[in-house]
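The lines below spell out each chain.
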Amino acid sequence: MLTDVRSRIDTTLVWVIVLRIGLLFAIVVLRPVLVERGPGQAVMATEDVHRLKDVRLEPVTVPVLVDRDRAIGIAKGLYDWDKVGGTVDTFLKSVTDPAVNRGPDPVENRPVWMIHISNVALPQGGPWNPETGEAEPGRVLRHAYGFIDANSGEHLYTRWTE
Amino acid sequence: MCTSGVSHSVTLLNGSQWVQVGWRYYHWYANPMMYCEVTDPYDIVEFSLTERPMPSSSSDPADKFWDCYLDNAFKFGKSSVVLGFSSGTSVNGQGEAHQSHVQIGKVAPAKLLFSDLQWRRKSDGGWPAMNIVENNSPVPYGNDEPAVGQMRVWTNAH
Numbered sequence: 337m338l339t340d341v342r343s344r345i346d347t348t349l350v351w352v353i354v355l356r357i358g359l360l361f362a363i364v365v366l367r368p369v370l371v372e373r374g375p376g377q378a379v380m381a382t383e384d385v386h387r388l389k390d391v392r393l394e395p396v397t398v399p400v401l402v403d404r405d406r407a408i409g410i411a412k413g414l415y416d417w418d419k420v421g422g423t424v425d426t427f428l429k430s431v432t433d434p435a436v437n438r439g440p441d442p443v444e445n446r447p448v449w450m451i452h453i454s455n456v457a458l459p460q461g462g463p464w465n466p467e468t469g470e471a472e473p474g475r476v477l478r479h480a481y482g483f484i485d486a487n488s489g490e491h492l493y494t495r496w497t498e
Numbered sequence: 004m005c006t007s008g009v010s011h012s013v014t015l016l017n018g019s020q021w022v023q024v025g026w027r028y029y030h031w032y033a034n035p036m037m038y039c040e041v042t043d044p045y046d047i048v049e050f051s052l053t054e055r056p057m058p059s060s061s062s063d064p065a066d067k068f069w070d071c072y073l074d075n076a077f078k079f080g081k082s083s084v085v086l087g088f089s090s091g092t093s094v095n096g097q098g099e100a101h102q103s104h105v106q107i108g109k110v111a112p113a114k115l116l117f118s119d120l121q122w123r124r125k126s127d128g129g130w131p132a133m134n135i136v137e138n139n140s141p142v143p144y145g146n147d148e149p150a151v152g153q154m155r156v157w158t159n160a161h
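So the sequence lines, in the order shown, correspond to chains A and B. For the first sequence, my numbering begins at 337 and goes up steadily by one. For the second sequence, my numbering begins at 4 and goes up steadily by one.
Note that these hints are calculated values from the structure, not bench results. Remember, predicted model here, so these are calculated numbers, not experimental data. Each hint should be verified, as a subset may be incorrect.
Derived DEER-like restraints, expressed as beta-carbon distance ranges [as the list claims (entries may be wrong)]:
hint : chain 1 : residue 1 : chain 2 : residue 2 : range
1    : A       : Arg392    : B       : Val151    : 43 to 51 Å
2    : B       : Gln20     : A       : Glu498    : 12 to 20 Å
3    : A       : Pro399    : B       : Asn134    : 53 to 61 Å
4    : A       : Gly421    : B       : Leu116    : 31 to 39 Å
5    : B       : Asn75     : A       : Glu490    : 12 to 20 Å
6    : A       : Gly474    : B       : Val151    : 27 to 35 Å
7    : B       : Gln121    : A       : Glu467    : 16 to 24 Å
8    : A       : Glu467    : B       : Glu148    : 15 to 23 Å
9    : B       : Gly145    : A       : Gly439    : 32 to 40 Å
10   : B       : Pro149    : A       : Pro399    : 48 to 56 Å
11   : B       : Ser126    : A       : Thr423    : 50 to 58 Å
Note that beta-carbon positions come from the ideal geometry of N, C-alpha and C, so glycine has one too.
Next comes chain A alone, as it looks inside the complex (with noise of 0.2 Å):
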């Protein structure tokens, strides 16, 4: 009788035990492709997708490897926006980019984190003209779209516009 209880016993162990070592396998090393299939994003306003024209953006119906917050860190390392008062907000979208799609590594139909910083102002002068003597007119940019790849993380490229 004593044996029995102390073999259940051993037997509810080992299975806490692998119960326990499966769950730290779901979350160290599974977790990655569970991640982001849409929480954490702004809803894109209308004067988005006006400002990125000839980007065509559709919905992400996969799960991707990088999070929200990973994409706004490996944005943060090129722009630190807060020195200039900048916000951002982010967007999860499928891209597909005609300017950017000739190459090996087209952007097509590809899962990219947009990071959105706004409240910012870039000069952006144009070239001097020799024809007229005179400088091109230049502009002011407000509002950049960094895309970073969903799933290696990589910057893709970051679009700026007035």
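Please build the complex by placing chain B on the supplied structure of chain A, with the hints as guidance.
The following block gives chain B in isolation, referenced to the frame of chain A:
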């Protein structure tokens, strides 16, 4: 660099239209960025740089695109049909500071060298060295031509 930025670039112009490739650095950037910029319709995209970047741009008559490269890797392209021109009338190399006291680097003036500048001759597809014509740069800019087909630009310090 205080609270501003600077860019250095090469531009191909055709009247008031242009395509430009270069790099720029603002005080809130961690590192300089390479950029490709076109006008009408205006578009500008920037890319993280490698350690020894070699930005360039060219137009291939066969596919009618202005393409922008970084270290010989395609980065960005715009149709010359959309831009409205497929060849230029002049090429302009320049530095551009956004405040009069901007300076790149710790030692002033930090000169940026554009080396191996070439242009594509339409008649035979050859790539001769550019004929550099220096302009007298107003303060805070400076420029010189250290060798044939080369150009240096800089911005002066405080």
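Hint compliance check: list the failing hint numbers for this structure, sorted ascending. none
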